[in-house]
Amino acid sequence: ILRDMVQEEELQDLISTIKSGADRLTETINLILDLTHLESESQKLSLTDIPVPEAIASIVPTYVEAARKKNIVFVYEESLKKNVHVRGEIRILRQVFVHLLNNAAKYTMRGEFGIFVDETENEVICTVTDTGIGIRPEDYSLIFEEFRQVSEGLDRRFEGSGLGLHVTKRFVEMMGGKIWVESELGKGSKFFCSFPKSNVK
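When we follow the numbering used here, the leftmost residue of the sequence shown carries the number 191, and every step to the right adds one.
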């Protein structure tokens, strides 16, 4: 509302700062709520056969816009052509993609990030890639821990609670899947999630 009402450029910059801070706070609160539900084991899945492209398509506009603002590329088209299903809850699957794509967008300063879908006889494999800062092999397990980031301490360059990947891992495991990462420092990362395939035609 303020952005629409105020015309002065200096005030617009302040409004953007407020909005950015509010978005980060909202994201952190939502992650803490997700973590609380997971820890209390109160979160039960309502299992259905989920069309993976539908879960991806619902969040595409957010990342097209995020890429545009950073002058990078968001790649996803081929993922929407894969007619594959997994067994789980679409809200949970969507959150997995959101957390992984948020990280990919955050840590990519140039180049591209994207999401791809592949399948084997029994699994659906979703891959989120980026050309960002990359991760050292010795930090692969650390990034999935609570409140941990590769960039930590007073000199860290990126905002975040350190909860996103921990919650994502828990969500993936709730759906009977696995998550892992391959990365090269300075060149980018690939996060893989595999889920049992649902045999829906």
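If you are wondering where the hints come from, they were derived from the structure by calculation, not from laboratory data. No experiment lies behind these values; they were computed from the predicted model shown. Some hints could be false.
[Unchecked claim] Pairwise CB distance ranges, derived in the manner of DEER restraints: (1) LYS377 with LYS259: 18 to 24 Å; (2) LEU375 with GLU199: 36 to 42 Å; (3) ARG281 with LYS368: 19 to 25 Å; (4) MET195 with SER331: 46 to 52 Å; (5) LYS272 with GLY376: 38 to 44 Å; (6) LEU237 with LYS368: 17 to 23 Å; (7) TRP370 with LYS259: 28 to 34 Å; (8) GLY324 with ASN389: 18 to 24 Å; (9) ALA212 with ASN389: 16 to 22 Å.
[What the hints assert, rightly or not] Within a straight-line C-alpha distance of at most 30 Å, the following computed DSSO-like cross-link-like pairs (lysine-lysine) qualify: (10) LYS296 with LYS368; (11) LYS272 with LYS359; (12) LYS209 with LYS359; (13) LYS209 with LYS387; (14) LYS272 with LYS259; (15) LYS272 with LYS296; (16) LYS377 with LYS296; (17) LYS387 with LYS260; (18) LYS260 with LYS359; (19) LYS259 with LYS387; (20) LYS209 with LYS260; (21) LYS272 with LYS387; (22) LYS380 with LYS359; (23) LYS368 with LYS387; (24) LYS359 with LYS387; (25) LYS272 with LYS209; (26) LYS359 with LYS271; (27) LYS368 with LYS380; (28) LYS368 with LYS271; (29) LYS272 with LYS380; (30) LYS296 with LYS259; (31) LYS259 with LYS271; (32) LYS271 with LYS209; (33) LYS272 with LYS260.
Cβ coordinates follow ideal geometry from the N, Cα and C atoms, glycine included.
Here is how each hint holds up against the structure:
1. LYS377 with LYS259: 18 to 24 Å: 23 Å, holds
2. LEU375 with GLU199: 36 to 42 Å: 39 Å, holds
3. ARG281 with LYS368: 19 to 25 Å: 20 Å, holds
4. MET195 with SER331: 46 to 52 Å: Holds, at about 48 Å.
5. LYS272 with GLY376: 38 to 44 Å: 31 Å, violated
6. LEU237 with LYS368: 17 to 23 Å: With Cβ atoms ~18 Å apart, the hint holds.
7. TRP370 with LYS259: 28 to 34 Å: With a Cβ separation near 30 Å, TRP370 and LYS259 satisfy 28 to 34 Å, so the hint holds.
8. GLY324 with ASN389: 18 to 24 Å: 37 Å, violated
9. ALA212 with ASN389: 16 to 22 Å: 43 Å, violated
10. LYS296 with LYS368: Roughly 23 Å between the alpha carbons, so the hint for LYS296 and LYS368 holds.
11. LYS272 with LYS359: 23 Å, holds
12. LYS209 with LYS359: This hinted pair holds, its Cα atoms lying about 28 Å apart.
13. LYS209 with LYS387: 40 Å, violated
14. LYS272 with LYS259: 28 Å, holds
15. LYS272 with LYS296: Satisfied, since the Cα-Cα distance of roughly 26 Å is no more than 30 Å.
16. LYS377 with LYS296: 14 Å, holds
17. LYS387 with LYS260: Violated, because 35 Å separates the two Cα atoms, which is more than 30 Å.
18. LYS260 with LYS359: Status holds; Cα separation ~27 Å.
19. LYS259 with LYS387: With a Cα-Cα distance of about 35 Å, the restraint between LYS259 and LYS387 is violated, given a limit of 30 Å.
20. LYS209 with LYS260: Cα-Cα ~17 Å, so holds.
21. LYS272 with LYS387: Status holds; Cα separation ~13 Å.
22. LYS380 with LYS359: 15 Å, holds
23. LYS368 with LYS387: Holds, because 13 Å separates the two Cα atoms, which is no more than 30 Å.
24. LYS359 with LYS387: Judged against 30 Å, a Cα distance of about 18 Å means the pair holds.
25. LYS272 with LYS209: It is violated: about 36 Å lies between the C-alpha atoms, which goes past 30 Å.
26. LYS359 with LYS271: 26 Å, holds
27. LYS368 with LYS380: 14 Å, holds
28. LYS368 with LYS271: Holds, because 23 Å separates the two Cα atoms, which is no more than 30 Å.
29. LYS272 with LYS380: 19 Å, holds
30. LYS296 with LYS259: Status holds; Cα separation ~12 Å.
31. LYS259 with LYS271: 26 Å, holds
32. LYS271 with LYS209: 35 Å, violated
33. LYS272 with LYS260: Distance of about 28 Å is within 30 Å: holds.
The structure fails hints 5, 8, 9, 13, 17, 19, 25 and 32 (numbered hints given earlier, in ascending order).
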